[in-house]
Amino acid sequence: MRRRVVAVALGLSVAATAGCGQGRPPLPRPLLFGEGALYRPAPYGPRVASARTIGRLRCEAAAPPARFLAHVEVIVDGRVAIVPAGIGVAPPQVRRGAYVVRGRCEYPIRTHEPTGLLEVASSRRITLGELFAVWQQPLTRQRLLEFAPRRGSMVRAYVGRARWPGDPREIVLRRHRAVTLELGRFVPPRPRYAFPRGI
Amino acid sequence: MRARRRTSIAAATLTAVLAAVPLARADSDPASDVLPVQNVFVPYQPQVSQSLQQTLRAETAAAAKSGFPIKVAIVATAQDLGGVPDFFGKPQPYARYLGSEISFSKPQPLLVVMPSGLGTYQVPPKAAAVARGMTPGAGPDGMATTAVKTIEQMATAAGHKIGSYKAGGSGGGKSSTALIFAGPIVLLVIALVVFSYRRMGQEEEELEELRSGSG
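Read top to bottom, the protein sequences are chains A and B.
Sequential numbering from 1 applies to the first sequence in this note's numbering.
Sequential numbering from 200 applies to the second sequence in this note's numbering.
Quick caveat, the hints were computed from the structure, so don't treat them as lab data.
Glycine is no exception: its CB is placed at the ideal position from the N, C-alpha and C atoms.
Among the hints, erroneous ones may be present.
Example chain A residues on the side facing chain B (calculated, C-beta under 8 Å, incomplete) [unchecked claim]: (1) LEU27; (2) LEU32; (3) GLY36; (4) ALA37; (5) LEU38; (6) ARG67; (7) HIS71; (8) CYS105; (9) PRO114; (10) GLY116; (11) ALA121; (12) SER122; (13) ARG190; (14) PHE195; (15) PRO196.
Start from the sequences and build out the full structure, keeping to the hints where you can.
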């Protein structure tokens, strides 16, 4: 009987490690979206709706200047919160399915798709704090979106896989920089993000 | 005896530890963000031509109407997979991954097209076999064309006829686009015929009146 238990346990262990021994990491498992309105924040608030200047960022109607892409992902209690399309795009927004094609004017930091892909004006040095200011969502060391702060739990920020030691608002959005923000249950940040080529 | 017990405990502990290792990654594949809102995900770049995108959207809409709802992800490069590029070249594992991400209240049938092949999630076995037998066309447009054909054949295999609602695509798929443009012209011609007919009738009546008046 005990021998069977040992065999079963060892078999399970081998099954769990299958793939690791071949030098390839196992394929990732999906991380699900969170349920409820807090996991689906609106793309803009009243200041963007009226196209007001936010900090040093102005909403400009001219064609978008040269830009680069960065990525941000928000995870709360192990569930994904949507970074919506249309952040930094003043209404009325022209939508095509899940995408926001254009609006009345655009800020130097904006999203046109709900994938966390950020378009940043190349000429500007823009921080994560400014993204959240344009988004009009809370971001501090304790707060992430409208979720209640957790006792003894801080917002964790990762640039790539490296933990950001300071205030997450100070992270500068550079070309192809992938930022993960987490609150609550830990989820290992992804090793890399494959950006579209040439941008 | 004790040694065996220790071995059992050690093995069971190892199993428990391995099971507890968090394998879940912070997923950020763009398709999982887009497909809950629309039926079709296409590459960021190079893009699928607008007309083919329209055709693909119409095809999924027509399939849904015929009782075969399905979403489609065209993955042309690893860049289309964002945070999970390891899935590139693995259409079937990615279909399972993406399908489970976008299945909320009920399983969501899905078709994934990659240059290396096609994958499906939650479709009837006959429809899945159809997808497995297809060879993707070259480039994003070729892959989109393959998707259009595959959806139609999958629907047929599953016992659903998509019918005449198709738009664009190869072969007879342009019927709906043609209808959109031809419809108003046909209506205009009918209106002109009716108008001319009435006019002729009026002229004949006037002629009759003149004849009867002069007679």
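Results of checking the hints against the structure:
no. : hint   : verdict
1   : LEU27  : 6 Å, holds
2   : LEU32  : 7 Å, holds
3   : GLY36  : 13 Å, violated
4   : ALA37  : 15 Å, violated
5   : LEU38  : 17 Å, violated
6   : ARG67  : 13 Å, violated
7   : HIS71  : 7 Å, holds
8   : CYS105 : 24 Å, violated
9   : PRO114 : 5 Å, holds
10  : GLY116 : 6 Å, holds
11  : ALA121 : 19 Å, violated
12  : SER122 : 18 Å, violated
13  : ARG190 : 4 Å, holds
14  : PHE195 : 6 Å, holds
15  : PRO196 : 4 Å, holds
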